[in-house]
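K.L.:
Here the protein sequences line up with chains D and P, keeping their order. Residues in the first sequence are numbered consecutively from 0, following numbering that gives the first Met the number 0. Residues in the second sequence are numbered consecutively from 0, following numbering that gives the first Met the number 0.
Don't read these hints as lab results, they were simulated from the structure. The beta-carbon is built from N, C-alpha and C at its ideal position, and this holds for glycine as well. There are no misleading hints in this set.
Here are some of the chain P residues that sit facing chain D, going by a computed Cβ distance under 10 angstroms:
#1 Ala120
#2 Thr121
#3 Asp190
#4 Glu193
#5 Ile209
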Amino acid sequence: MAKRLDIKDVDIYYGAFQAVDGVSLTVPPRSVTAFIGPSGCGKSTVLRTLNRMHEVIPGARVEGEVLLDGEDIYARTVDPVEVRRTIGMVFQRPNPFPTMSIRDNVVAGMKLQGMKNKGQLDQICERSLRAANLWNEVKDRLTKPGGGLSGGQQQRLCIARAIAVQPDVLLMDEPCSALDPISTLAIEDLIGELKKDYTIVIVTHNMQQAARVSDQTAFFNLRATGEPGRLVEIDDTDKIFSNPTERATEDYISGRFG
Amino acid sequence: MSITTPPVDASAIKPTFTNISASRKIRNGLATTLVTLSFLIALVPLVWVIVTVLVRGLAPVLNPDWWLQSLNGLLARQQGGGVYHAIYGTLAQSLVAAVIATPIGIMVAIYLVEYGGRGKATTRLSKATTFMVDILTGVPSIVAALFVYAVWISILGMGRSAFAVSLALVLLMVPVVVRSTEEMLKIVPDDLREASYALGVPKWRTILKIVIPTALSGMLTGIVLALARIMGETAPVLILVAYAPYINFNLFSGNMASLPLLMTVERSNPTAAGSDRIWGSALTLILLITIFQLIAAALSKLTAPKTK
Numbered sequence: 000m001a002k003r004l005d006i007k008d009v010d011i012y013y014g015a016f017q018a019v020d021g022v023s024l025t026v027p028p029r030s031v032t033a034f035i036g037p038s039g040c041g042k043s044t045v046l047r048t049l050n051r052m053h054e055v056i057p058g059a060r061v062e063g064e065v066l067l068d069g070e071d072i073y074a075r076t077v078d079p080v081e082v083r084r085t086i087g088m089v090f091q092r093p094n095p096f097p098t099m100s101i102r103d104n105v106v107a108g109m110k111l112q113g114m115k116n117k118g119q120l121d122q123i124c125e126r127s128l129r130a131a132n133l134w135n136e137v138k139d140r141l142t143k144p145g146g147g148l149s150g151g152q153q154q155r156l157c158i159a160r161a162i163a164v165q166p167d168v169l170l171m172d173e174p175c176s177a178l179d180p181i182s183t184l185a186i187e188d189l190i191g192e193l194k195k196d197y198t199i200v201i202v203t204h205n206m207q208q209a210a211r212v213s214d215q216t217a218f219f220n221l222r223a224t225g226e227p228g229r230l231v232e233i234d235d236t237d238k239i240f241s242n243p244t245e246r247a248t249e250d251y252i253s254g255r256f257g
Numbered sequence: 000m001s002i003t004t005p006p007v008d009a010s011a012i013k014p015t016f017t018n019i020s021a022s023r024k025i026r027n028g029l030a031t032t033l034v035t036l037s038f039l040i041a042l043v044p045l046v047w048v049i050v051t052v053l054v055r056g057l058a059p060v061l062n063p064d065w066w067l068q069s070l071n072g073l074l075a076r077q078q079g080g081g082v083y084h085a086i087y088g089t090l091a092q093s094l095v096a097a098v099i100a101t102p103i104g105i106m107v108a109i110y111l112v113e114y115g116g117r118g119k120a121t122t123r124l125s126k127a128t129t130f131m132v133d134i135l136t137g138v139p140s141i142v143a144a145l146f147v148y149a150v151w152i153s154i155l156g157m158g159r160s161a162f163a164v165s166l167a168l169v170l171l172m173v174p175v176v177v178r179s180t181e182e183m184l185k186i187v188p189d190d191l192r193e194a195s196y197a198l199g200v201p202k203w204r205t206i207l208k209i210v211i212p213t214a215l216s217g218m219l220t221g222i223v224l225a226l227a228r229i230m231g232e233t234a235p236v237l238i239l240v241a242y243a244p245y246i247n248f249n250l251f252s253g254n255m256a257s258l259p260l261l262m263t264v265e266r267s268n269p270t271a272a273g274s275d276r277i278w279g280s281a282l283t284l285i286l287l288i289t290i291f292q293l294i295a296a297a298l299s300k301l302t303a304p305k306t307k
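Use the sequences and the hints to build the structure in full.
P.N.:
See below:
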């Protein structure tokens, strides 16, 4: 579990348009790395290249290397399906499978990968829901549809679903942006706990959130409209929020732009 | 600390809101009348048809023999007998067509939505397929029937049979199924596909286990509506199979009746018995289609994603 990610000089394209230019950074295991920056600066795009979700979009491609404990996930011989099994993802909007019960949603990954043993699936279901702090709220209605839960519960259901396949890394794309403050707090607490077992990368628009949950923070920005996004600075979260090296970072954090 | 607001002098200020102007009231009235009238005009022929068919067709249909006997051995002017041979023919021909057309239509739709690319990245094959489906949708049933006659009967040397009718119905049903399935697959949010990919589920399994179950409710409705549409097709049965007043279970040879065919054959029968059979068959056909639509509605409700 919990592996280290090295991103080396990654350029990301949508067709002919270059969205991200030359990003290099390292995500240590058992830590939370936050990506912050204005809209459209490419932070979500970078996140999506870390488990090869970017290439799902027609015409999208990636240059450079992304190493998971030294292994390039973009090597020719690597199966993207395998990569996504190892590096899980939670999306901006909660997206439980509408046709499935709560239990089936949690074990969807294992089931669709071919696991049939009911006892084992039940075990995974309980373990994942407990890890996502949702077990006590839903244990009496596991057979009810996942779509009937509140937004915050649905997002924790999606986190439970993502960790049920036991990934090494968990990517979160603005997981709280559709949630109220109480659900957000629940998810932030959860991130703090999950950090013990997983390597976590989180994209957020909420700088207080980045400051609260992350160990290191990466600030992304555009040089100008229409130009590719780039990594301005990455450092310990404390340093980024108290004494950043780059002027642009300080301006952004203090609210002078963005 | 308290906030004090100076009192409003109502007489001194111009009101913000004025009454609806007369011209707007008139225009609103005109438009409402026009829309309601159009609705009524559209409704008139519909109600008229249903009432006529019910009035003229109800008596023969209410006789149990109608559902249990054929017209075998009956003279044209003789009352009685039934049309179960034609009901069997209609159901068999259209269900066989549906069994062939549905998988083809669904797979074409899956190709178009899941593999054909979209926007600028649409593949050539996908564009060509969409174009052909559009053309097929507009092909008149007589053309489909003549095409099957030319290929299946003239070139391949097969006889006229119920199966030939089914083949023509397949041509008519496939584009309808493709279209409706395509629309249903398109409205499955990409979020769900991505959620599945992100769990390390391969694309084909995502389509099979996530996309199709989510769209199933609408897909079923579309398929049954297409089935209902082909059940009343008349041109293929006129060209590709001969009428029989008796039951024939063999789809691949011999004459076989169907409701539209029986109606056109009985049109040359000037007696009251003929008239009863025509209107009775019309009512039976409407009933069958209604039953299929009710089944579609029930299935769609049953398979729709639930939140409780």
